[in-house]
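A.B. asks: Chains as they are written, first to last, in the working numbering: chain A, 1 to 338; chain B, 1001 to 1526; chain C, 2001 to 2336; chain D, 3001 to 3311; chain E, 4001 to 4299.
Treat each hint with caution, since some may be false.
Here are the simulated lysine-lysine pairs, BS3-like style, with alpha carbons at most 25 Å apart [what the hints assert, rightly or not]:
| # | chain 1 | residue 1 | chain 2 | residue 2 |
| --- | --- | --- | --- | --- |
| 1 | B | Lys1354 | B | Lys1275 |
| 2 | B | Lys1354 | B | Lys1400 |
| 3 | D | Lys3052 | B | Lys1275 |
| 4 | D | Lys3052 | B | Lys1361 |
| 5 | B | Lys1294 | B | Lys1214 |
| 6 | B | Lys1448 | B | Lys1140 |
| 7 | B | Lys1400 | B | Lys1294 |
| 8 | B | Lys1193 | B | Lys1090 |
| 9 | B | Lys1160 | D | Lys3052 |
| 10 | A | Lys110 | E | Lys4188 |
Sample of chain E residues lacking proximity to chain B, with all beta carbon distances greater than 12 Å (derived) [unchecked claim]:
| # | residue |
| --- | --- |
| 11 | Phe4126 |
| 12 | Arg4205 |
| 13 | Leu4242 |
| 14 | Ala4265 |
To be clear about the criterion: a stretch of chain C counts as covered by chain D if any three or more of its residues have a C-beta under 8 Å from a C-beta of chain D, and this derived list gives those stretches [what the hints assert, rightly or not]:
| # | stretch |
| --- | --- |
| 15 | 2074 to 2082 |
| 16 | 2088 to 2099 |
No lab work stands behind these hints: they were computed from the structure. If you're wondering where the values come from, they're calculated on a predicted model, not measured in any experiment. Note that the Cβ used here is the ideal one computed from N, Cα and C, for glycine as well.
The residues making up each chain are set out below.
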Amino acid sequence: MSGGTAELLEARDLARSYMMHRGFLGRTTQVRAVDGVSLSLSRGETLGLVGESGCGKSTTARLVLGIEPPDEGAVTFDGTAMPRSGTSNWAALRRRMQMVYQDPLQALDKRLTIGAQVAEPLDIHRIGTSAERRERVAAVMAEVGLQPHHAARHPQSLSGGQRQRAVIARALVTNPDLLVCDEPISALDVSIQALVLNLLMDLQERSGMGMLFVSHDLRAVRQISHRVAVMYLGRIVEEGEPDAVLQDPAHPYAQALVSAIPHPGKTAARVILQGDPPNPANRPSGCAFHPRCPVATATCRTEVPVLKPRRSDGRRVACHVAHGEAAPARAPTMLETC
Amino acid sequence: MTGITRRHLLSVSAASTAAFAMPRFASAQSTERPAVTVAVQRISNSNTLEMLTEQSNVGTRIYTSYAETLIGNNWIGDMSLQPQLATSWKRVDDQTVDVDLREGVKFHNGDVMTAEDVAFSYGPDRMWGGGTVEVPENVKVVARQALPAFERIEVLGPHKIRLHNSSIDPVLEGRLSGSIGMIVSKRAFMEAKSWMDWARRPITTGPYAITEYKPDSVLTLSAFDDHWEGRPPLRQVRFVETPETASRINLLRSGGADFACDIPPDQIATVEADKRFKVVGGPINNTRYTVFNKSHPVLANPLVRQALTHSVDRNLIVESLWSGRTEVPRGLQWSFYGDFYIADHENPAYDPDKARALLRKAGYNGEPIPYRVLNDYYTAQTATAQINTENWRAVGLNIKLQMVENWGQISEGGPETRGIHDWSAAASLPDPYVQMSGSWGPLGSPWKSNQWRNEEFGKLSQELGSSTDKTRRIAVWRRMLQIIEIEDPAYVVLHRNASFTAKRADIKWTPAQSFVMDFRRHNWSA
Amino acid sequence: MAFVEIENLSVAFGRSMALRGINLSVERGEAVGLVGESGCGKSVTWLAALGLLPASATVRGSVWLDGKDILGAPKARLEPVRGGRIAMIFQDPAASLNPVHRIGRQIGEALTLHRGMTGERAKAEVIRLMDQVGIPDARNRINAYPHELSGGQNQRVMIAMALAGEPELLVADEPTTALDVTIQAQILDLLTTLRRDTGMAMVLISHDLGVVSETCSRIAVMYAGRIVEEAPSGQIFSHPGHPYTRGLLGSLPPLTGPRRRLVAIPGSVPEAARMPSGCAFAPRCDLSTELCAQVDPAPLPLADDHSAACVFAKPYQRNVHPVAGEGAFARERVLQ
Amino acid sequence: MLQYLLSRLLRAAVSIVMVVTFVFVVLRMSGDPATVIMGADAPPEAIDAFRKAWGLDQPLWVQYFAFFEAVFSGELGRSMRDGRDVVAVVLERVPSTLALTIPAFFVNIAVGIPAGVYAALHRNSLIDRCVMVMAVTGFAVPSFILAMLLVLIFSVTLGWLPSAGQDSWRNAILPIATMGFGGAALLARFTRSAMLEVLGQSYIRTASAKGLPWSAVVWRHALQNAAIPTITIIGFMLGGLVAGAVVVESVFSWPGVGRLLVVSVANRDLAVVQAVVLMIAMTMVAANMVVDVLYGLVDPRMQGQARAARR
Amino acid sequence: MVDATSSPAGTGGSLITRLLSRFATGNRMPLLIVIAILWLVLMLAIAVSADLISPYRFTQMDLRNRLSLPVFMGGSWRHVLGTDELGRDVLSRLITSIRMSLLIAFGATIIGAVIGVTLGFVAAHFRGIVEQAVLALVDFSAAIPFLVLALAVLAFFGNSLVLFVCLLGFHAWERYARIARGLAISGKTHGYAAAVHQLGASPWRLYGRHILPNIASTLIVSMTLAFPEIILLESGLSFLGLGIQPPDTSLGNMVGFGREYLSSAPWIMLAPAFVITVTALCVSLLGDWLRDRLDPTLS
């Protein structure tokens, strides 16, 4: 654990584009999945990354882990630059940064027992003797709430919650410093989601690792995060304390997102966004949100807003209107939430 | 099935058979001449009808129907030479023959045959090269092999020619009956676009003219009514290529053909089980033998080769595979050789013990000997090879049977990879020189490819070709047989080949002592 | 009698029971929410009612439509009901539309079928329906294929198709599960508006209590092939009577207020083939006693319109809470 | 769509180049054609002369590029057997082969697809089982055995149909039946499974929920969707027909391309084998392209990309 | 993969034991499948014990006793299935042929699977130009009907057992390559393989320990589909005279040489033809059934 004072994770201006092929000869279109994302994370802290499908949050998670190289920008982990994917340095770093996946059944190998899979990171990184490995596996399984007899089972014979526990156990077996959770609860039944959220929070409390929690579920993000970042079309549009962002979203998109959350007993009025999220392949000019934005101005159509602290309360937001740089086209009638 | 009675089935079947067969069978009874269909395994190996390129057994079968040579053979009888396009011939000296040509012979294009045409047929444009037309290389080779000392043909009159040879040749007349000497129309030849174009559609004088040739499929010949022998007996002869034995037989049985050629002996009973059909034919002037490669390190030892010859059970093969329908000749010679037939020549006897003893003497230790076999290129070839292999194995010879696809694969590789392979030999002249010296003498391919050479045999071979002293020639011949079959065996004779043709029982037609199918007037009535 | 009355409906696939006696009624114009986790039988209930289950399923019970039992009715009687009186939309709109037919044709097909419209008249009506469900540029989109539209638009097409038969009841089977949050809001809003405009009844099937609470006046909670609790939507939240309902509510992270540790339900849903004896929820229930393992509890009335199938459920007095169930109609579309 | 076609064309061209290369490598490096054509008895001088005449004495790469040049200028050489232009030799046989394959193809479709659809619609019924047994059997019986049995029954025993040759349309019946049976069996199997898969799809449920009678669901919704995977199989089937023609033409002595190939291979008539293999490959590539285009016509999702881009 | 290549019979055995255990554990299995499995077990047993149960050496001739009738047609018990045109015992030849044909079919199937899976993995791992090259090869395979290709290669390279098996091994390689590539890519992008990759595992570990075992069932199903095709191809090539050559014998070879005797001595051809057909039938029935059971996604 070198460079203790530096942030655990620093990402600067990450950008990642994909080429979309149309046939063999066809035109290739560049799709900017992530466009200038910066974030940092310290030990013991959880950063929630929220957005709808196609906003680039999962790509950001992969860039941060170094599974893919960014086209622009850089990732620094514990003070050192991220090695290139596939190199031995990169592979060695895996024991310090781990990942939890959306669908635990897919993330586990159906042919191997849970025990073998939880032990696999130890095998790969040749940590400890086989006896020590067995001990560590048993310990970590107990930690995530799996019974010792589960070690001999195969993933398909476990319930959804137990599978996700197994994935978490595998991620934790090397005592990582960073845990990236990519939609860890969205494939689970409601009753199981709570179990996993509780578990993740407990584990972080105990180990003090940093956590990047990617989700489209604002409620879950609020529950678990210390900070939250809202993404829209590859950019972070708002960032701040979860309660602040949820109760008083500054960006019109964040406002819509918050107001769209269905909640038992909720009666307040709601912002209904018009239209579909745009295709990342034809990104609108200026503020990418302006075609759907209820308060968009002429400026929004041409100028890309910068993510910066708002003068009033220091909330980081990327919106011309929120910064008072442009008068809203219509008076925002709602903006009060439940 | 309940709704259809047996009678109904029969009537349908009879009606359809009749409908199908009507044109042919019905015409046989009317004034119009019949047409026949012959199912053959192969029409032509080279896809040409010119005998200079089609030197094969299958080519022999078809060419006599559309082409004629100066001197013919009595194929159905004793193989003796007969006048054909030549009415008579006379030796002038050892190297010269005068030939009188038949008058009133017409080519299929209507031209009258003259001495010019004959001289042209033996001329540079058709077979030697150096004329006005480009002649394929392999044609020149074939021609030189068939007529090794040919010099030129001199036109003495409209129907008289003189043949000049560059050296003494005791069988010069006989060579004129060879298939390459088919007489062709000079005008038609020169009008063809190229030699190969000509070869697919030669214009000749035979009783039937080529009307359609679809390679690998069908050859249709139509009666040539201006033929010098008069109207041929058949309106049409169709050769239909049917490679599968079963298909040929089925074609015959279902009325699609009147003849089915190349019937394996095992199928004779099957065919004849139906009284409507009969299988004719028997031994022909072609002998099956198996040859050795002396360059092979193991086979270099004559004792090993002798052992091979002593462990071949010819009689068993003839009895089992041929149902006794062919015979074992006395070595590579034919009874029509006349005075040259060495009647007391014996094949190496089937004697496994002797073979074992010879192998012991040779110090043979089970070294493998490859035996390359074509898949039934010859009738029952694969079965024969397997019988031989078993017999050879029984005396301790380690024979590796290798099935190959074509002749090229047989001669592939170095001396070690070539060992034993099958061959056949045919003779059409009553003199051993052409056959034996041509195949095994210094001019033959085994000699040239270093497969088998024997200095004494070589000298004797030359003497057989140049001497005119008959007694001496007989003695030389006797010694040659002794060398090549007994002392330094180049091959082991198996049996005479036999050709069986299935035909409609009501057709009166006699097979030849060769692959030739004779459809001339004298050999047809139905 | 209610418009649709499902009576003791049970469905078995081979040896596993998917439904174990469902009783549910839907009044005309009413919006009923059906909530439960995956595999609890929410969708099967309505597929069974309309005879859309594969032949391998064994279906028992009755489904009364206007007093006539349509369960197992002959095709000739069932076909006019499907789409004509009861329409259904499904979870994954992209997979539920025929990929090789233009959407106009797919909507028009229902018009021809139930309202006998053809040609230009049908086309005009298709355009009107597409306008009604909020598909922009309907006149051109009529010729689009499903893959050319987004998920939200496809769900709108599904809804238009369902509306084509002017049904009296729309069964929406997880209509927003595959969609993003903002699109989900659009669709729920659309459904509410449509219901207000047409007066049709609706059954909204969802795993998300939040989704149904906003849209429906009455909610039935399902667990393992049974309805375990049924109440007006306000009461479900104020007086959850069944421990499972309480568990579901407790596992939802709150949006406001202090962050508390979530109350989770331990264990997992029993497999249909290995249903425990007694109360199916007992193994996961922190209140369960020996009694629960023996007695399979029947629904117990707790208040007006409120019943729960738990031996420990306690009756209560209604109207304690002011938040009554008309929330769904109280929606106001602020930005349009 | 155009882009799609272009990319298909490019892939097709790559395939053709590989086929040409393969043909060249296999046929040129595997043995000496001169001895094959000339026969075992030919003297060495004649063989050398032959080699020279056919350019076989040149370095291999020279032969290779010469070969490419020739292929692209439509000059595939002359048959080493009879000196004819091989293109003519092959084309002469094409009608015969088409006379078998085209009807067989239609038999495949006319029998296979209805049988498969019927079996799928009546899953587990007696007829379904019969169709499946026929289908699996059709796959398991080697075509030459089937052909010989047909000849034995219909030609030899019953005498209804000719057994070999090419005299009338009646000769074609048994070969077509032989080739038709196997293909129809294959197609029935695939159509059935494609249909079953489609019937399990969500949109079929939607169509039923809409109130469509079952027959309308099948005809209007299921069939067109089931056609999509079936078309792919039809593409594969063409290859099967060509391979089937090789065997069936041999049994029935049908002078088509298949026979030509077998005969030319046995004679090592390089030019002809090259031409036949090239022609078959090009036909297959073209057929696969047609299948792809058909695919696009039946499945609007294939054209979708281009359309979406335009909007 | 290693044990699969070292013992072809073992793979079949383990598959069958698995099936039988499936049967034993109470999963209902149609009668037809049980029969199919029993037949295949019988064939395997015959193949393995060919030397022991064969009444005569398969090349042993008895030329005085040619074409003798089989027992069911009134022949003697000395040659239960009669004798062939060289007086060899048809039963003995059939037994040896079963061994040879199964050896070829197993050998070729496994070679095809190994080549295909390897190339599929290579394509999936390296992507880019390597993948395009593999896909071009796949296209190429699709462009020439295999029989035509085999015909050309066999006739021109001559014939040996090794070449023959290797050649037939190329028969279905592109199918395995497609499957392996597709499944590996999908596994790599979202699933267990992505997870294992992110754990820092080496490609060997990734493909050998994780991806291969996971796609094995799909591969086995395709192998059961390719297996009868190879049996049929072998017999087809033998029919054209390009298959296994004497003195060796195979089912196709027996049919090929026996066809001339179809009407006079049908038992020579019918016995092997029956075995070919029934074996191909059984394997494809089994394959279809396995596909339904193990891998409903494979089309």
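A.B. asks: Now tell me if each hint is right for this structure.
C.D. replies: Status of the hints after comparison with the structure:
no.: 1; hint: B:Lys1354 / B:Lys1275; verdict: violated, 47 Å
no.: 2; hint: B:Lys1354 / B:Lys1400; verdict: holds, 22 Å
no.: 3; hint: D:Lys3052 / B:Lys1275; verdict: violated, 56 Å
no.: 4; hint: D:Lys3052 / B:Lys1361; verdict: violated, 47 Å
no.: 5; hint: B:Lys1294 / B:Lys1214; verdict: violated, 42 Å
no.: 6; hint: B:Lys1448 / B:Lys1140; verdict: holds, 17 Å
no.: 7; hint: B:Lys1400 / B:Lys1294; verdict: holds, 17 Å
no.: 8; hint: B:Lys1193 / B:Lys1090; verdict: violated, 37 Å
no.: 9; hint: B:Lys1160 / D:Lys3052; verdict: violated, 40 Å
no.: 10; hint: A:Lys110 / E:Lys4188; verdict: holds, 15 Å
no.: 11; hint: Phe4126; verdict: holds, 40 Å
no.: 12; hint: Arg4205; verdict: holds, 47 Å
no.: 13; hint: Leu4242; verdict: violated, 7 Å
no.: 14; hint: Ala4265; verdict: violated, 8 Å
no.: 15; hint: 2074 to 2082; verdict: holds (count 5)
no.: 16; hint: 2088 to 2099; verdict: holds (count 8)
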